Amino acid sequence: MTRRIVIEELARVEGHGGIQVDMEGDAVASVHFDVFEGARLLETLLNGRHYLDVAPTISRICAICSTAHLVTSLKTTEAAFGVQVSEQTEVLRELLFRGENIESHALHLFLLAAPDYLGYPSAPAMAREFPEIVKLGLELKQLGNRVQEVIGGRAIHPTTPVLGGFAALPDSAQLIELRDRVARALERVPELLEFVGQLPPEHGCSAETVFAALAPEQYGYSRTADVTFKGQQRTEGFEPSDYRTFTNEMVVAHSNARHSLFENAPFLVGALARLTVNEALLDADALAVLERVKLLLPSGDPLDNNKAQAVELVLDLQWCLVTLERLLSEGLRPEAPAFIVPRAGTATVITEAPRGLLVHSYSYNEDYRIASADVITPTAMNAASIERHFQLGVAQSPDKTDAVLTRRLEMIARAYDPCISCSVHLVRLNDNAG
Amino acid sequence: MTKPRVGIFGLTGCAGDQLVILNCEDELLQLVELLDIRSFMMASSDSDESCELDIALVEGAVVTEHDEKVLRAVRERSGLLVALGTCAAWGGVAGVKPLRSYVAVDAVITGCPIEKEEFLSAIANLLNGQLPVAAAYPVCAECKMRENECLLLARGAFCCGPVTAAGCAARCPSVGVACIGCRGPARDANFAGARALYTQLGFPDNDIQTRLNSFAAGVA
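As given, the protein sequences belong to chains A and B, one line each in that order.
So the first sequence is numbered by the working numbering: it starts at 1 and just counts up by one.
So the second sequence is numbered by the working numbering: it starts at 435 and just counts up by one.
These are computed hints drawn from the structure, not numbers from a lab.
Don't take each hint at face value.
Derived PhoX-like pairs: lysine-lysine, alpha-carbon spacing no greater than 25 Å straight-line [stated by the list, open to error]:
| no. | chain 1 | residue 1 | chain 2 | residue 2 |
| --- | --- | --- | --- | --- |
| 1 | A | Lys135 | A | Lys294 |
| 2 | B | Lys550 | B | Lys578 |
| 3 | B | Lys550 | B | Lys437 |
| 4 | B | Lys550 | A | Lys135 |
| 5 | B | Lys531 | B | Lys503 |
| 6 | A | Lys135 | B | Lys437 |
Just so we're clear, the structure is a prediction, and the values are computed from it rather than from any experiment.
All chains should be modelled from the sequences, with the hints used to inform the complete structure.
See the structure below:
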């Protein structure tokens, strides 16, 4: 007997996507993660654009990760032109990424994912019974935005980050305010960990999973590093310029998003992948945080990405506090952005956006205009992994009624925190744009 | 006072304007009390996709047939339709057509993204039975009020302030970054005059054309 489970439009995610699973009896016949967000074609819009226009245009791919897109774009153009930025700029950019990560994770964990665990349709509905938890989520989310406002001038599409550095710097009063708010938020970490640690146990699926993340010298999101793939059997590193070898993006008929495969197998990017790849960088305090939220690495359950986000929230708050203290004691140097001498060139930069690896790759011609641009987003890389986990989630579910399967599929999808607008940045039917 | 029934919708776009609504952290739980939010897919899974609405806030642009179908259905069931953000108001960075080329649009809150304060005051207007009012002047007016040095005339930067709708308090020029026109054109923008000025300052025609149309294709 054939039956079809359809989730026409997935709620509590960014963008428009649906899920369709065909069952033959209790066996899964096919699984589709349908992305019907319209194609955005933003890379094509960059062709021929002046180098100054590139970052503010391409960052419009996404709002939730606009900081990651903006800064990654600036870094890519700087790399193509051979521009070095100051250490202060690197630190402030990392602060921006941390702020974005805090905002994005708090929004996802508390307002989008948590209602599933507790049986509510939305955060406001959950707030009637758990007002303190929803308020804590909102406070953390607001703090993440505040970091981006103070350092970047605006939470969505920051204004001060420019080629070579920052057009304007925060004053010490703003940094003090920020430090105090981070310190207050850190006092609430036990509440956060208790909430996440005590969420009812849920299971998405268990799967042998390949994880991919930047492997920097210190845990972080914005500094240049190689990408590490960590599977069951082996670990392999790639330089950013080799990105095409692991993101053989392919167009799939049912989706406007491009799928990525590593040696023909799906891989997972995002908070869970970052912690798994960089486990050796975690100190005793960080490992204690993992224990509090009952996260065991490596984990083959995509729902553990929710716990991984909780861990990163704590790591990011701690990093922000230490960094703001240091900036306040040393003082911010008033410095102009590094001088830009444009030239023809090609560069690829990979960073960690909240949802995982983000690739920007540009070629500039002799007129300092874009000859070709390629952007690969984390949700596009995750798309194949999401479908695989849908399939396993259904196959492994002891109860195969529609209601149970639907809930499980939605929870797996949300655990990936998919950013669907990002994933549909371009549909390329044949690979002729390079 | 009966609460207005409100739907918040996103067509193709970056969802940044819906995110601005979610970024009203201090006001969010209050907003939920003042408005009867029936549909907000990005935030809730108990959206009612068929009931009548007093106000529809629509972000994004029409890129797919599905988008157009959704937009027409929302128009059908809503008393007022408000275009939220530059994509809805002007077609945005993807260079597509604004919502008003498909359906009647009653009011516009522009911006990429929209400004939180403008959004909240528009909601206050709507709660009082009035349509939100947009500034009739360009970014330059707000920039002058903030006594900023003119980036265009004093520093030779390509600033879109003279032709861009105000309402952002000259956010970018105030931190020394030229306006890129993300809010779409100001009412009665003098594009001919602006073009002559950019040409006089030595900018090539293709850059002038691209930059004036970056967020609102075909306006200049």
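Status of each hint after checking the structure:
Restraint check for lysine 135 of chain A and lysine 294 of chain A: the C-alpha separation of about 23 Å stays at or below 25 Å, so the hint holds. For the given pair, lysine 550 of chain B sits about 22 Å from lysine 578 of chain B by alpha-carbon distance, which is consistent with the 25 Å threshold. As the CA atoms of lysine 550 of chain B and lysine 437 of chain B are separated by approximately 21 Å, the hinted pair is consistent with the 25 Å bound. Taking the CA atoms of lysine 550 of chain B and lysine 135 of chain A, the gap is about 19 Å. The hint holds against a cut of 25 Å.
Using a Cα cut-off of 25 Å, the hinted pair lysine 531 of chain B and lysine 503 of chain B holds, with the two alpha carbons roughly 15 Å apart. Under the criterion of a C-alpha separation no larger than 25 Å, the hint pairing lysine 135 of chain A with lysine 437 of chain B is consistent with the structure, at around 24 Å.
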